[in-house]
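Participant: One line per chain: the protein sequences are Z, P, A and F, in this order. If you use this note's numbering, the first sequence closes out at 411, no skipped numbers anywhere. If you use this note's numbering, the second sequence closes out at 411, no skipped numbers anywhere. If you use this note's numbering, the third sequence closes out at 155, no skipped numbers anywhere. If you use this note's numbering, the fourth sequence closes out at 155, no skipped numbers anywhere.
For the record, the hints were derived by calculation from the structure and aren't laboratory data. Careful, some of the hints might be misleading.
To be verified - Derived CB-CB ranges, DEER-like: (1) P:A300 <-> A:E24: 51 to 59 Å; (2) P:E241 <-> Z:H21: 39 to 47 Å; (3) Z:E141 <-> A:Q152: 44 to 52 Å; (4) P:N258 <-> Z:S72: 36 to 44 Å; (5) Z:T18 <-> A:S93: 58 to 66 Å; (6) A:K129 <-> P:E241: 50 to 58 Å; (7) F:S149 <-> Z:E157: 25 to 33 Å; (8) A:K129 <-> Z:D262: 34 to 42 Å; (9) P:A403 <-> Z:S72: 54 to 62 Å; (10) Z:Q303 <-> P:A300: 40 to 48 Å.
All values derive from a computational prediction rather than experimental measurement. Cβ atoms here follow ideal geometry from the backbone N, Cα and C, with glycine treated the same way.
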Amino acid sequence: MTTPDFAALKKDFPILQTERHGKPLVFLDSAASSQRPQQVLDAMDYAYTHAYANVHRGVYGLAEAATNAYESARLKVARFIGAPDSSEVIFTKNATESLNLVAGSWGRANLGPGDAVVLTMMEHHANIVPWQMIQAEKGFEIRWIPLGDDGKLDLTELDTLLDGAKLLSVASMSNVLGTINPLDQLIEAAHRAGALVCVDACQSVPHMETNVAEMGADFVAFSGHKMLGPSGIGVLWGRMELLEQMPPFLGGGGMISNVTTDGFMPDAVPSKFEAGTPPIVEAVGLGAAIDYLESIGMDAIRQHEIELTAYAMRALSERLGDSVTIHGPSEPSERGGVLSIDLEGVHAHDVSQILDSHGVAVRPGHHCAKPLMKELGVNATARASFYLYNDTSDADALVDALADAQSFFAP
Amino acid sequence: MTTPDFAALKKDFPILQTERHGKPLVFLDSAASSQRPQQVLDAMDYAYTHAYANVHRGVYGLAEAATNAYESARLKVARFIGAPDSSEVIFTKNATESLNLVAGSWGRANLGPGDAVVLTMMEHHANIVPWQMIQAEKGFEIRWIPLGDDGKLDLTELDTLLDGAKLLSVASMSNVLGTINPLDQLIEAAHRAGALVCVDACQSVPHMETNVAEMGADFVAFSGHKMLGPSGIGVLWGRMELLEQMPPFLGGGGMISNVTTDGFMPDAVPSKFEAGTPPIVEAVGLGAAIDYLESIGMDAIRQHEIELTAYAMRALSERLGDSVTIHGPSEPSERGGVLSIDLEGVHAHDVSQILDSHGVAVRPGHHCAKPLMKELGVNATARASFYLYNDTSDADALVDALADAQSFFAP
Amino acid sequence: MSDLEDLYREIILDHYRSPRNSGELEPPAHKAEGFNPLCGDEIVVYLQLDDDNTIADIKIGGQGCSISQSSASMMSAAVKGKTVEQAQELMGSFKGLMSIADKGEELAEPTPAEIRELGDLAALRGVVKFPTRIKCATLAWNTLDQAISETQSAD
Amino acid sequence: MSDLEDLYREIILDHYRSPRNSGELEPPAHKAEGFNPLCGDEIVVYLQLDDDNTIADIKIGGQGCSISQSSASMMSAAVKGKTVEQAQELMGSFKGLMSIADKGEELAEPTPAEIRELGDLAALRGVVKFPTRIKCATLAWNTLDQAISETQSAD
Ligand SMILES: Cc1ncc(COP(=O)(O)O)c(C=O)c1O
Ligand SMILES: Cc1ncc(COP(=O)(O)O)c(C=O)c1O
Numbered sequence: 001m002t003t004p005d006f007a008a009l010k011k012d013f014p015i016l017q018t019e020r021h022g023k024p025l026v027f028l029d030s031a032a033s034s035q036r037p038q039q040v041l042d043a044m045d046y047a048y049t050h051a052y053a054n055v056h057r058g059v060y061g062l063a064e065a066a067t068n069a070y071e072s073a074r075l076k077v078a079r080f081i082g083a084p085d086s087s088e089v090i091f092t093k094n095a096t097e098s099l100n101l102v103a104g105s106w107g108r109a110n111l112g113p114g115d116a117v118v119l120t121m122m123e124h125h126a127n128i129v130p131w132q133m134i135q136a137e138k139g140f141e142i143r144w145i146p147l148g149d150d151g152k153l154d155l156t157e158l159d160t161l162l163d164g165a166k167l168l169s170v171a172s173m174s175n176v177l178g179t180i181n182p183l184d185q186l187i188e189a190a191h192r193a194g195a196l197v198c199v200d201a202c203q204s205v206p207h208m209e210t211n212v213a214e215m216g217a218d219f220v221a222f223s224g225h226k227m228l229g230p231s232g233i234g235v236l237w238g239r240m241e242l243l244e245q246m247p248p249f250l251g252g253g254g255m256i257s258n259v260t261t262d263g264f265m266p267d268a269v270p271s272k273f274e275a276g277t278p279p280i281v282e283a284v285g286l287g288a289a290i291d292y293l294e295s296i297g298m299d300a301i302r303q304h305e306i307e308l309t310a311y312a313m314r315a316l317s318e319r320l321g322d323s324v325t326i327h328g329p330s331e332p333s334e335r336g337g338v339l340s341i342d343l344e345g346v347h348a349h350d351v352s353q354i355l356d357s358h359g360v361a362v363r364p365g366h367h368c369a370k371p372l373m374k375e376l377g378v379n380a381t382a383r384a385s386f387y388l389y390n391d392t393s394d395a396d397a398l399v400d401a402l403a404d405a406q407s408f409f410a411p
Numbered sequence: 001m002t003t004p005d006f007a008a009l010k011k012d013f014p015i016l017q018t019e020r021h022g023k024p025l026v027f028l029d030s031a032a033s034s035q036r037p038q039q040v041l042d043a044m045d046y047a048y049t050h051a052y053a054n055v056h057r058g059v060y061g062l063a064e065a066a067t068n069a070y071e072s073a074r075l076k077v078a079r080f081i082g083a084p085d086s087s088e089v090i091f092t093k094n095a096t097e098s099l100n101l102v103a104g105s106w107g108r109a110n111l112g113p114g115d116a117v118v119l120t121m122m123e124h125h126a127n128i129v130p131w132q133m134i135q136a137e138k139g140f141e142i143r144w145i146p147l148g149d150d151g152k153l154d155l156t157e158l159d160t161l162l163d164g165a166k167l168l169s170v171a172s173m174s175n176v177l178g179t180i181n182p183l184d185q186l187i188e189a190a191h192r193a194g195a196l197v198c199v200d201a202c203q204s205v206p207h208m209e210t211n212v213a214e215m216g217a218d219f220v221a222f223s224g225h226k227m228l229g230p231s232g233i234g235v236l237w238g239r240m241e242l243l244e245q246m247p248p249f250l251g252g253g254g255m256i257s258n259v260t261t262d263g264f265m266p267d268a269v270p271s272k273f274e275a276g277t278p279p280i281v282e283a284v285g286l287g288a289a290i291d292y293l294e295s296i297g298m299d300a301i302r303q304h305e306i307e308l309t310a311y312a313m314r315a316l317s318e319r320l321g322d323s324v325t326i327h328g329p330s331e332p333s334e335r336g337g338v339l340s341i342d343l344e345g346v347h348a349h350d351v352s353q354i355l356d357s358h359g360v361a362v363r364p365g366h367h368c369a370k371p372l373m374k375e376l377g378v379n380a381t382a383r384a385s386f387y388l389y390n391d392t393s394d395a396d397a398l399v400d401a402l403a404d405a406q407s408f409f410a411p
Numbered sequence: 001m002s003d004l005e006d007l008y009r010e011i012i013l014d015h016y017r018s019p020r021n022s023g024e025l026e027p028p029a030h031k032a033e034g035f036n037p038l039c040g041d042e043i044v045v046y047l048q049l050d051d052d053n054t055i056a057d058i059k060i061g062g063q064g065c066s067i068s069q070s071s072a073s074m075m076s077a078a079v080k081g082k083t084v085e086q087a088q089e090l091m092g093s094f095k096g097l098m099s100i101a102d103k104g105e106e107l108a109e110p111t112p113a114e115i116r117e118l119g120d121l122a123a124l125r126g127v128v129k130f131p132t133r134i135k136c137a138t139l140a141w142n143t144l145d146q147a148i149s150e151t152q153s154a155d
Numbered sequence: 001m002s003d004l005e006d007l008y009r010e011i012i013l014d015h016y017r018s019p020r021n022s023g024e025l026e027p028p029a030h031k032a033e034g035f036n037p038l039c040g041d042e043i044v045v046y047l048q049l050d051d052d053n054t055i056a057d058i059k060i061g062g063q064g065c066s067i068s069q070s071s072a073s074m075m076s077a078a079v080k081g082k083t084v085e086q087a088q089e090l091m092g093s094f095k096g097l098m099s100i101a102d103k104g105e106e107l108a109e110p111t112p113a114e115i116r117e118l119g120d121l122a123a124l125r126g127v128v129k130f131p132t133r134i135k136c137a138t139l140a141w142n143t144l145d146q147a148i149s150e151t152q153s154a155d
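Chain Z with its partners taken away, still in its complex shape:
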């Protein structure tokens, strides 16, 4: 396979043709939400104009077309993440709902006093708060894998932390540090301790090859909008055996096999977990996003991002020296293209504001990881994140704009 021409990809993304303050838009906030190519917009438009109806319950042609489109999106997701069975793919509204589903259904049914759930200090609030909510109801213990050196987890006490735990829930990649966590080691240790493993894969599924079967996790959650798909859709993959045993999470139409005034019988997986009208056209858009990603190749995307990250880290340190700190692993191949930047003398909020005047979009704040921020001793960072449509010119624009921010604020 020839290397894809990443520089040419930008033209597929209409929003990247727009300008900001008369300068070309340099979009470096894909870790929060990505942009999408015309192909994805066209697929959704086609669905709305040629194949739209509510799914599953219709006999007429449009309803059948919509159902086929929705279900073939499920097949695409399943193939994309290497799911053994496409029925294991559940469509949710976002990764947050996916994680709440695990906590609310599996957690509520399986956790109680004396039990423990293990999280890490670098989790996103989406993988913390749902557990804290069920904890308040059920009274189990939450344990935290601490942060170690170079933005990585400190696994020295891993076995102790896992001892007696029922579940480990961990991000595959930190949305602040970029750290790629050692899932093999974590999953192996958790399973050895008899704990299930839930992976918050929001930051990895869009950027690298994912194979849930090889990974060996029990649940995997991610969002469509971070992987060129539309807003309004997320995915939970789970092992069929677990999903079958779990009680439903939301109740309503489409998730039952029978309802009487005395009670209801849930339908089979995945319907059991898809109450109400699902994100029909959003699923179609996600399917088209997967087609697009596959046409480029996840390994090529990963390689491109490693190179771009290496380039940007080098350029930042050459140009700004010690006045810039990049949190997380120093080795580009051990991290994703997420650069949380501290610029000496300029608050993240101001960094982002000044960068915006250069057309450079980066996100300031706690990135929904307050426990981690506290650990890092900062209350905000300016985060620049790369995706397949970024190139070295974007990294250059970032560095230039940061240098300007620094001189703007220099006393």
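Given the coordinates of chain Z, assemble chains P, A and F with the ligands onto it according to the supplied hints.
Facilitator: Leaving out everything else, chains P, A and F with the ligands in the frame of chain Z:
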């Protein structure tokens, strides 16, 4: 104001220009999900190509534009339903999630043994199963307002049923019978008995003027996809005082004011109930749908549907006589444009199949209202439902196709 | 022949209008209920086995569309007097017939031998062009399958 | 003057680099903490009132961006020595200044009298062109408001 030209509206809806089996599409399944005008598709397309980023946490221009677009959709919804305070409008993924939110947050916190929730025999599963799920956890009683004559509720025992109840949850309009329930009377009686009222307004908000303040309900739920909006978005409106007291429903980013390893503090309403990346562009689409509906006027839409329903009921009985039964109120002004049809000698499934060959899209089945179907003594009906883009030619096509179905199956 | 006429062949309408083996059986006959959650169709299968595992009697109850009812009627006629093994074999070829289009393959005409074996049931092959109706056609078979497993586990 | 220069006027940067009234006060001074959930900015206001409801002393802690920090510094300088009523009046005109663009109205230049009254704070009016930063500018005031209510409820 001049009467809008409903016949001309069809051209705004691209999918209604398509054909089925060489015949113009006659879409009569809007009660399941409506179609959408080009204006709504354009608004979403513009958002994706000019104003997309994750909302709320960004400082740069695109993030600000996306946040403004998302929040102005909230303002539009609030104004459209007469909400006193736009913060009372919560975006969910569909009405089903809205109702699960009420059951899961308010219900879990407020219901226990000895308490009662009152439902009606004509509820959609979305307003039954969430209560049954919380009932299994908390052990309260569910009482049912029975069906009376002419597809209406039997309210003779209303006060007895409400006695000691904490909540009445009721559909404003039945999605099977078309019955418009007497909300004034129901809400007045419930409040007199000290019960809150949750209204499943899925079938009324798209079709008639709604004013939650005048209605006097405590919660109102509906979906975007039934009112010309996109899939993937729903709304819960609630009284601020209640929403403030309720615990969060889903946990994650965007719904907290602080998170530590010891616990979290929820953010203010509505953020408290909007965990994770919300349906950003879906909200924009819903806002555009509201603009479109308002440009025509909800009273005009209601009037149009009453006339069309009257026309269709008359034509059906003239052409098919006693061999056709239409469930629900016989007086068009007392019902919505939802016709659940039994055709003698032809099962609903077969009706729908044959109608499809005429390009006429109607939905067969239990319409997610199995307790009602049991009460009606049928296992499926063929449901034809009208919306603003339908006209008498659609009703004629329905009648013709039904006559054909009957002769096809005649012995 | 239009798709619709292919779906609703005369023989199907005949089984729908005059269902064979309609009724109930008293215990010790086994009873299984199946339903299609999407449309509400219900099939009840009453199954009476001989000592040598032959289907001595079968009755069908429930309500549903022409496809689910005719399929149940044809199924009952086809398996009555057959051994459980033979019935299961028949179920296999019927489900094969139904799922051809399901798997996105070419729609292959069944061989003459297969058609002979399936008898009236072969008339249902028009259903594959209407994917949502496949569940209607297979509901009776799934319910039979359930009834058979219950006889086995009861042993 | 570009929007950005208007946002970051020299006087704002001066307050950011050399914040006035930075520090803490011991009880019985009142303390209130405010934070911006979106970005993590924190402001701590320590408030010491005289018997006649005059702000005898005020100190500011916390961390955040140039806008939230300079606004807090200016606010502290502006209200120190004023009565609670005068401080609340000032808060009113400051919030008015901030919310002009918020309500989608024309951006009206403040009157000379208002500018005089607001002093350095008037320099923050460039913020209204950056709606997300308005919360940064008003955080200190909201926290002051909270501190004041606490002194009142403690009475
Ligand atoms: C690591 C991680 N987990 C969870 C989430 C939540 O995803 P969403 O907001 O789509 O639910 C995000 C993104 O914000 C994330 O980066
Ligand atoms: C009366 C009623 N309630 C609830 C729902 C559920 O809506 P949704 O599927 O959009 O959640 C529907 C529509 O299917 C309905 O008609």
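Participant: Are any of the numbered hints broken by this structure? If so, which, sorted upward?
Facilitator: Numbers 7, 9 and 10, in rising order.
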